[in-house]
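There are 4 protein chains.
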Amino acid sequence: MSTTSKDSGHGLQLGFVGLGRMGLNMVHRMQDAGVQCVAFDTKAEAREAVAKVGAEAADSLEAMVGKLSSPRAVWLMLPTAVVDTVLDTLVPLLEAGDMVIDGGNSHYVEDLRRAKRLGEKNIHYVDVGVSGGVWGRERGYCQMIGGPETAYKHLQPAFAALAPGVDTAPRSPGRMGKPGPAEQGYLYCGPNGAGHFVKMVHNGIEYGLMAAYAEGLNILHHANVGREKQEVDAETSPLEHPDRYQYDLPLHDVVEVWRRGSVIGSWLLDLTAIEMNKDPTLKHYAGRVSDSGEGRWTALAAIEEGVPAPVLTAALFGRFASRGNDMFADQVMSAMRHAFGGHDEKAAKGS
Amino acid sequence: MSTTSKDSGHGLQLGFVGLGRMGLNMVHRMQDAGVQCVAFDTKAEAREAVAKVGAEAADSLEAMVGKLSSPRAVWLMLPTAVVDTVLDTLVPLLEAGDMVIDGGNSHYVEDLRRAKRLGEKNIHYVDVGVSGGVWGRERGYCQMIGGPETAYKHLQPAFAALAPGVDTAPRSPGRMGKPGPAEQGYLYCGPNGAGHFVKMVHNGIEYGLMAAYAEGLNILHHANVGREKQEVDAETSPLEHPDRYQYDLPLHDVVEVWRRGSVIGSWLLDLTAIEMNKDPTLKHYAGRVSDSGEGRWTALAAIEEGVPAPVLTAALFGRFASRGNDMFADQVMSAMRHAFGGHDEKAAKGS
Amino acid sequence: MSTTSKDSGHGLQLGFVGLGRMGLNMVHRMQDAGVQCVAFDTKAEAREAVAKVGAEAADSLEAMVGKLSSPRAVWLMLPTAVVDTVLDTLVPLLEAGDMVIDGGNSHYVEDLRRAKRLGEKNIHYVDVGVSGGVWGRERGYCQMIGGPETAYKHLQPAFAALAPGVDTAPRSPGRMGKPGPAEQGYLYCGPNGAGHFVKMVHNGIEYGLMAAYAEGLNILHHANVGREKQEVDAETSPLEHPDRYQYDLPLHDVVEVWRRGSVIGSWLLDLTAIEMNKDPTLKHYAGRVSDSGEGRWTALAAIEEGVPAPVLTAALFGRFASRGNDMFADQVMSAMRHAFGGHDEKAAKGS
Amino acid sequence: MSTTSKDSGHGLQLGFVGLGRMGLNMVHRMQDAGVQCVAFDTKAEAREAVAKVGAEAADSLEAMVGKLSSPRAVWLMLPTAVVDTVLDTLVPLLEAGDMVIDGGNSHYVEDLRRAKRLGEKNIHYVDVGVSGGVWGRERGYCQMIGGPETAYKHLQPAFAALAPGVDTAPRSPGRMGKPGPAEQGYLYCGPNGAGHFVKMVHNGIEYGLMAAYAEGLNILHHANVGREKQEVDAETSPLEHPDRYQYDLPLHDVVEVWRRGSVIGSWLLDLTAIEMNKDPTLKHYAGRVSDSGEGRWTALAAIEEGVPAPVLTAALFGRFASRGNDMFADQVMSAMRHAFGGHDEKAAKGS
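Residue numbers (the working numbering), protein chains in the order written: chain A, 9 to 359; chain B, 9 to 359; chain C, 9 to 359; chain D, 9 to 359.
Worth double-checking, as some hints may not be accurate.
Put simply, identical chains are the same to the list, so a pair is met inside one copy or across any two.
[Unchecked claim] Okay, derived cross-link-like pairs now, EDC-like style, lysine to aspartate or glutamate, Cα gap no bigger than 20 angstroms in a straight line:
#, residue 1, residue 2
1, K129, E118
2, K286, D352
3, K124, D92
4, K124, D251
5, K291, D352
6, K124, E248
7, K291, D256
8, K60, D40
9, K129, E103
10, K186, D175
11, K129, E157
12, K237, E248
Hints are computed from structural coordinates only; laboratory data are not their basis.
Generate the whole structure from the sequences, applying the supplied hints.
If you want it as structure tokens, here you go:
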């Protein structure tokens, strides 16, 4: 674990709402760095857990706000679909000069709307895209920040506490002198929405990276297709060179070997190696891949900007198809093939 | 049905091997136009059927060749995987100056090899890509031809007999005078392989066209997604505007209305309208879409040429995925998501 | 040209705004069918032209509305970006029970908003997607209609007048009895937005179809790549089989031959044949392909619905790239290649 | 730099042909680890350079082979296009039991052919995919190996010398005990071709990863598109929400911040950060992205296997398009648009 000195919190106090998969770990990391958190969650066990890591637990939003001194700063770490509901209760409890930070995966378009709404009461809205997953407690959190610059500066001790710190990666050649925030792992990106915009694209890239590895491994997985009995009929594309597809490749070792010295080393590859080491067949996964919004929003932004994003969008569509949403299109094509060529569908293997 | 006058056959005689889905209809059409066919198929009922349409049936390749006068011309209409086997028997029965026509869906690379092999015996090899499906008897067959020009000229009455004829479509503005072969529906494309190369790309385009309609209809099919209950969890991308997706569209009428006056009218659309008129749900199709080679070869050619073909290739990959070949890739992505975010897969709907 | 009898207009009177590329032809066609149009355009020459085809020209929106009897119906045929401005002037001139038809290429989301706005005054809003391009005067217009069903029924004579009519295509087998509207070439698709939604997807499909032909023709265009001198360096992917790419294909004849008897025959192919017959090299086109909205909106809808649309989206992205919007991405990749492998970019051919 | 102890070479002696961008560094690394190299290159300065790092330089293939003791092992590090030519000279100099290693970027299909050819003389052929680029001297080389297992074992000291070593990355949780070769950075993948097959897919993945970052950065680069003056005509897709695209993002800091704590950290990202730190505009790159074979071969393999690879293929096609190979397709689409809608192309910006 990277170390952040106890006093880097500079006495900053923070309200914190949402102690789920990421929130509890974030509070833990901030407490360790001297940022004092007053935390609320609707679940009692989450409140108990947060107390154990040194934060103060509050039973309600009202109680939490009551424990904060001015200017108050409240960090939300919530599913995007409930943010507005919580704001409905929270905002009337706040006053001019207070700050609300949305650290969840909100669409940046929502930030623009919310910042305007809170701005009418002179409450500062800060959007922070946070990456790190379940590993962030240990590795630190990469943060992309948008909003008023004064609020950013006030909150900087919290960002620094959550960030991994410069020592967690070698400095880029050419980066010299005192490391700035970007090298610590947090970045002020611009006015409201900029943080979630950058985080959105970050996740869009993530979809593309994941699909690139997945497709490559799938090609390796089928490298023995030449051993299968080839069918001879007009419905089957013949494999012209079965002798070229006779490999049974040790996939779990392949992903391991790529971790050292290769051009495609990455943290996602490290994780893949862990998973494949447990079970190279991955048979416990059904292959239904969810998407939680950012990949879609990235594609929408690309299209609105008029910028081509074939790779990121192909990755997104692969997830849609993994959940069966390509079915009707496939039925249309089968119907067409039947109509012009009298082609009947072939039965699924094993059926 | 388009008419071709009885005497356009000019006394051409043709051996014909393979009386399957397309072959029998092709013989029928040629007989009607005065091209005399001597036909062979391994199946007795196919031989009986061909006799009924006026052709001479032969019991064996030997018998068939024996009935042909020099220079002999033998048209093969066979699954690509058995062409070489038939050639092994056929070629020794032929002599210099004879012609072999491959009208099936062979890869043009095979043409290059076979033309060389037959050329060593001075037998002319002609490759013909034939489009028309089960409708060709009535509509005529579009033919793309490669090989020695002298052989092409000798066989021209057969091509003309099979072709739809100029009257089956309005002449292109700018095309004047006596209609040439291209306007009749057959084209000499160049040396060996050129016919199947053009046919290959033709089918590659077909994959793209089919997928374009299929995707569009799928988008229309899901235009009521805003009515579904929206789940609120971190695994589900929220639908931001359910009110925009409230349409139950009459798809069978949509494809019908597009047939008249619209930019996207086509024969494939005509066929789709027929199928959807029978059953707008297409529920009898499982959506497993075969590919019979040409789409793959088109993609391979594009890649070797260094030419981008994202649409044609996406269409091809959609077919692969429709048969489940994306499964392992999807499992890899689920495993990654589990590893970095603790995400569990969501159950399939209805399971 | 398809015929529509003079009396099919049933005495319907229509205000018509926007006499551009499509509008004038539409008025012409409706006048011929007995729909009486009172037409307005800001350009005097457009007003003169419309008078010549028998319509009544009006000098202003006010004048136009003044000439209409109740319930008034005003058809807008305007660039999507000016519709709201025109509505600002028009709507105060109308009263409850009147109808406004938007026949341009508006986003269906705008329809939802406008229908609500007009509904507050009990004015009926009808959205009509119109396909037909510059050929519609002759071929008729395919129309996809959304809005209140009573307004649709009132306007049906206009839709019928614009539609191509059943005789312009063979009836689909299975369609029997008196042909309904879908077979005439117009369709009531559902409540507001449904018309433009279906038209939007129609155009999305059009993008896919166009790209499928374009990619295929590009592959044929490069079929002689084996004749080029092959470079031998680490920056160039070697062509492994130059002998397989030696074809100079007669593309203008290829597109012509596909028009008869082939599976890929279509109106878009007919148009391509006309263009390539003029100049097979297409050298007067720079290859900068515009997109006018619907392709983007189709992709956005697919993504919001969670439906894969790889083909339609690839077609859209190809247009973006044709205008240079992929440049920065390509620079990033060149920079990466330089960084890991010391690869320098190769100069462009001819530079 | 990772350390490999001097005596790990175990007295292995190696002929080495090809001292280009990678070869010289590889010899250097092996010499440091105690593998004794006798090296040949056609360029005198390369031979001098190799002598300086402790290897023995040879003036010719004959001289090199003459200095090797049996069984001889010769490692080729050559452009794929010249391997066969070198083998023509080299193989007659070798005898049964000798080994040839191809460490370049050969297509694995060539390996199958060459292994058969050399096998006829009982010479063992070993194919090694080597990743590491210009950084390998320092970081070590990731190696994927195919061929006869006995030859692999004989050569293992060389592989170990080139490999990065286990310490260059944290061990995967679950990997315990003495680290095997995969954890050192080299892997025996199977019989001939397996090494280059895995390396081929490795590079295919690399194309996908690079494109994912590049597309994402391009979307960020255009995040200020709402500031541009919007054109209002039928050829331009209107930007519906200019207010959402007002960001000037500090891209060089964005790539830097992603290096710590984020899900998308990788070595490729590290390199991108270095490049963008030098010049965030990347204006010295023209964006013509070469492809050196493996990306194409990966796509070909996917297609032959019937496995969807939309992301990897989209990345490949993006490179083709960056070099202008999409031009004719774009011209076809412009011609179609002109034909059906009278659309003229818009001029390029600035022209």
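Each hint, compared with the structure:
In this homomeric assembly, K129 and E118 come within 20 angstroms of each other (Cα to Cα) only inside a single copy, at 17 angstroms, whereas the closest approach across copies is 31 angstroms. In this assembly of identical chains, K286 and D352 lie within 20 angstroms of each other by CA distance solely across copies; the values are 16 angstroms between and 41 angstroms within a copy. When the C-alpha separation of K124 and D92 is checked against a cutoff of 20 angstroms, the pair qualifies only within one copy, where the shortest distance is 13 angstroms, while the shortest distance between copies is 25 angstroms. Taking the shortest alpha-carbon separations for K124 and D251, only the inter-copy value of 13 angstroms comes in at or below 20 angstroms, while the best intra-copy value is 64 angstroms.
Proximity of K291 to D352 under the C-alpha cut-off of 20 angstroms is restricted to the inter-copy arrangement: shortest distance 14 angstroms between copies versus 31 angstroms within a copy. Taking CA atoms no more than 20 angstroms apart as the test, K124 paired with E248 passes between copies only; the shortest distance there is 19 angstroms, against 62 angstroms inside one copy. Proximity of K291 and D256 under a CA criterion of 20 angstroms is satisfied intra-copy only: 17 angstroms inside one chain copy versus 38 angstroms between copies. When the C-alpha separation of K60 and D40 is checked against a cutoff of 20 angstroms, the pair qualifies only within one copy, where the shortest distance is 12 angstroms, while the shortest distance between copies is 53 angstroms.
Taking the shortest alpha-carbon separations for K129 and E103, only the intra-copy value of 7 angstroms comes in at or below 20 angstroms, while the best inter-copy value is 41 angstroms. Proximity of K186 and D175 under a CA criterion of 20 angstroms is satisfied intra-copy only: 12 angstroms inside one chain copy versus 29 angstroms between copies. Within a single copy, K129 and E157 get their C-alpha atoms as close as 18 angstroms, which meets the 20 angstroms cut-off; across copies the closest is 46 angstroms, which misses it. Within a single copy, K237 and E248 get their C-alpha atoms as close as 13 angstroms, which meets the 20 angstroms cut-off; across copies the closest is 28 angstroms, which misses it.
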